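Trainee: Turn these sequences into a full structure, and let the hints steer you where they fit.
Number of protein chains: 2
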Amino acid sequence: MDTFLTLILDKNMAAINVTKASGEQEPYDESKLRRSLASAGAEKQLIDKIAGAVSDMLYDGISTQKIYKEAFRLLRQLSDRSAGRYKLKEAILELGPTGYPFEKFVGELLNRLGYTTQTGVIVEGNCVSHEIDVIAEKDNKHFMIECKFHNRKGHKCNVKIPLYIQSRFKDVEKNWSTQPGHRNKRHRGWVVTNTRFTEDALQYGTCAGLKLLSWDYPKHEGLKDLISEVNLHPITCLSTLHKEEKQFLLEQNVVFCMQLCEDHKILDPLGLDNRQQNKVLKEARAICNYNTIEQ
Amino acid sequence: MDTFLTLILDKNMAAINVTKASGEQEPYDESKLRRSLASAGAEKQLIDKIAGAVSDMLYDGISTQKIYKEAFRLLRQLSDRSAGRYKLKEAILELGPTGYPFEKFVGELLNRLGYTTQTGVIVEGNCVSHEIDVIAEKDNKHFMIECKFHNRKGHKCNVKIPLYIQSRFKDVEKNWSTQPGHRNKRHRGWVVTNTRFTEDALQYGTCAGLKLLSWDYPKHEGLKDLISEVNLHPITCLSTLHKEEKQFLLEQNVVFCMQLCEDHKILDPLGLDNRQQNKVLKEARAICNYNTIEQ
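Those protein sequences? They're chains A and B, same order as listed. Be aware that the first sequence starts at 1, since it is given in full-length UniProt numbering, and climbs by one per residue. Be aware that the second sequence starts at 1, since it is given in full-length UniProt numbering, and climbs by one per residue.
Heads up, some of the hints might be wrong.
Any copy will do: because identical chains look the same in the list, a pair fits if it lies in one copy or spans two.
As a list, the in silico DSS-like pairs of lysine-lysine whose alpha-carbon atoms are at most 27 Å apart [as the list claims (entries may be wrong)]:
id : residue 1 : residue 2
1  : 160       : 148
2  : 170       : 160
3  : 138       : 265
4  : 49        : 243
5  : 282       : 49
6  : 174       : 211
7  : 282       : 219
Hints listed in this document are in silico derivations from the structure and should not be mistaken for laboratory results. It should be emphasised that the depicted structure is a prediction, and the values quoted were computed from it without experimental measurement.
Mentor: Shown next as structure tokens:
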């Protein structure tokens with residue numbers, strides 16, 4: 001490209017601000033979009049194509065939601081697997097507090113990572129009793145986990161959450177530590193959120209010794225990474241089913257794409273025709289890498 | 001009264017439920033009204049009269065607000081001083097978060113109890129910094145105070161409040177205790193509210209060693225008792241001024257009835273005529289027992 005033209009374009013690009021879900025504005029950063037697409041499994045060639053198309057549609061003040069929606073639409077045209085994975089964040093939001101509670105989701109995630117879990121248990125502390133979202137055990141590890149589900153992407157967990165969880169944990173730990181068999185257990189309090197933590201929430205929580213798990217924290221071991229690791233993609237990822245169909249399946253405790261891969265008869269009550277059913281199964285298998293496993 | 005008639009009346013009375021500010025229903029209990037009137041300084045004869053008039057207007061499901069409004073109206077007819085004191089709870093609500101912040105009110109209260117106070121201070125903790133509503137010191141006592149203002153009477157402070165305040169306090173205490181001169185100080189965390197605590201908030205808070213201060217807790221040493229003790233009745237108690245006039249005075253930092261007693265010129269900007277101004281001063285003096293002190 002002509003150097004002069006590149007300069008003008010660069011200048012124009014630099015002037016474009018995007019509006020985040022929180023309402024804040026920041027300069028458009030293509031590398032973020034590229035990273036998102038890459039972590040959804042898209043290959044370089046595909047990323048170049050989508051990033052180029054997105055840059056053509058940018059205008060000052062455009063919402064990140066609009067950018068990602070368009071990127072997703074393009075991705076979906078080209079790759080079922082990537083599209084399903086890419087939609088993960090929204091798919092968790094769609095599970096929502098009514099469809100399938102987030103704490104059950106987190107419990108299932110830890111199950112698949114080898115923990116024995118219980119959800120929604122009343123536990124006696126030293127001072128008062130507490131309702132604990134998830135209790136997880138493996139070897140000598142014994143975790144008290146609080147789950148914070150937000151149904152808006154921009155909503156962060158502020159410092160008050162780890163502050164009150166720390167007191168809860170200390171109250172429960174004081175009681176646990178007096179019980180038989182707990183002498184060698186490593187007790188730890190966790191806070192898990194489907195969104196993010198504020199800076200001071202991270203600072204306080206880690207300093208106090210809590211385990212913090214958010215959408216992308218800790219780096220490479222965030223919620224999105226763990227979900228991919230254990231193939232726990234929820235059925236709300238699927239673009240081949242309508243919202244009502246997913247809601248119906250959730251009510252039947254069909255929550256994960258993997259369940260469809262393992263037993264496609266689960267889809268029968270939806271009354272789809274063969275072509276439609278195969279499309280759904282193909283997407284589910286692509287999301288879970290199930291084809292590769294079977295072949 | 002005829003015994004048969006008394007029985008019928010008693011039976012009717014027992015059937016009457018009142019609706020509390022929280023929405024809960026409970027049987028009407030005249031002794032509560034009597035106690036409120038007594039603590040407002042009303043004498044037995046007056047209490048009998050008001051309780052009798054109130055029982056005539058009762059119907060099933062009547063709100064406690066309606067009962068207390070009527071009782072207050074009657075009390076006001078008969079005693080300026082009692083009426084102003086009786087209205088204290090609402091007067092604090094009227095101060096509100098915009099008129100005069102509750103934390104400044106609590107700071108002033110502790111000042112008058114002999115503490116040196118600071119409000120809205122940023123304090124370094126061990127892990128993060130915290131904005132503390134009130135810091136109060138007297139002798140070797142050093143308090144970190146969090147104020148919870150609710151603008152609805154029925155809204156209680158739940159257990160999450162003392163839980164997160166305890167972690168805050170521990171974080172600040174850890175830092176304070178390393179500072180020079182703090183070795184012999186007695187640090188303590190407080191939670192103060194203008195309403196009430198839930199049962200488990202009280203249970204956790206006291207067990208964890210926090211000082212809890214609510215409208216009527218601890219018994220005989222609650223917020224209402226402390227306010228009476230130091231004559232800190234806010235000008236929103238006055239029934240002889242309009243809401244707008246009170247708001248104007250609040251904006252001029254005229255917050256307490258005592259300020260009017262000490263310098264009646266404070267009222268001048270309101271442009272009241274002599275008769276009206278004297279009525280206001282008379283009520284303020286009655287509320288503060290100022291006449292008795294001067295004479």
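Trainee: Compare the structure with each hint and give your call.
Mentor: Structure-based check of each hint:
1. Within a single copy, residue 160 and residue 148 get their C-alpha atoms as close as 12 Å, and across copies as close as 14 Å, so both meet the 27 Å cut-off.
2. Both within a single protomer and between protomers do residue 170 and residue 160 lie at most 27 Å apart by alpha-carbon distance, with minima of 15 Å and 14 Å respectively.
3. Within a single copy, residue 138 and residue 265 get their C-alpha atoms no closer than 33 Å, and across copies no closer than 73 Å, so neither meets the 27 Å cut-off.
4. With identical chains, the CA atoms of residue 49 and residue 243 are never at most 27 Å apart, being 29 Å at best within one copy and 65 Å at best between copies.
5. Taking the closest pair of Cα atoms, residue 282 and residue 49 come within 27 Å of each other only inside a single copy of the chain (24 Å); across copies the shortest separation is 81 Å, beyond that limit.
6. Taking identical chains as interchangeable, the C-alpha atoms of residue 174 and residue 211 lie at most 27 Å apart whether they share a chain (18 Å) or sit on different chains (21 Å).
7. For the identical chains of this complex, residue 282 and residue 219 are neighbours neither inside a copy (31 Å) nor across copies (68 Å), given an alpha-carbon limit of 27 Å.
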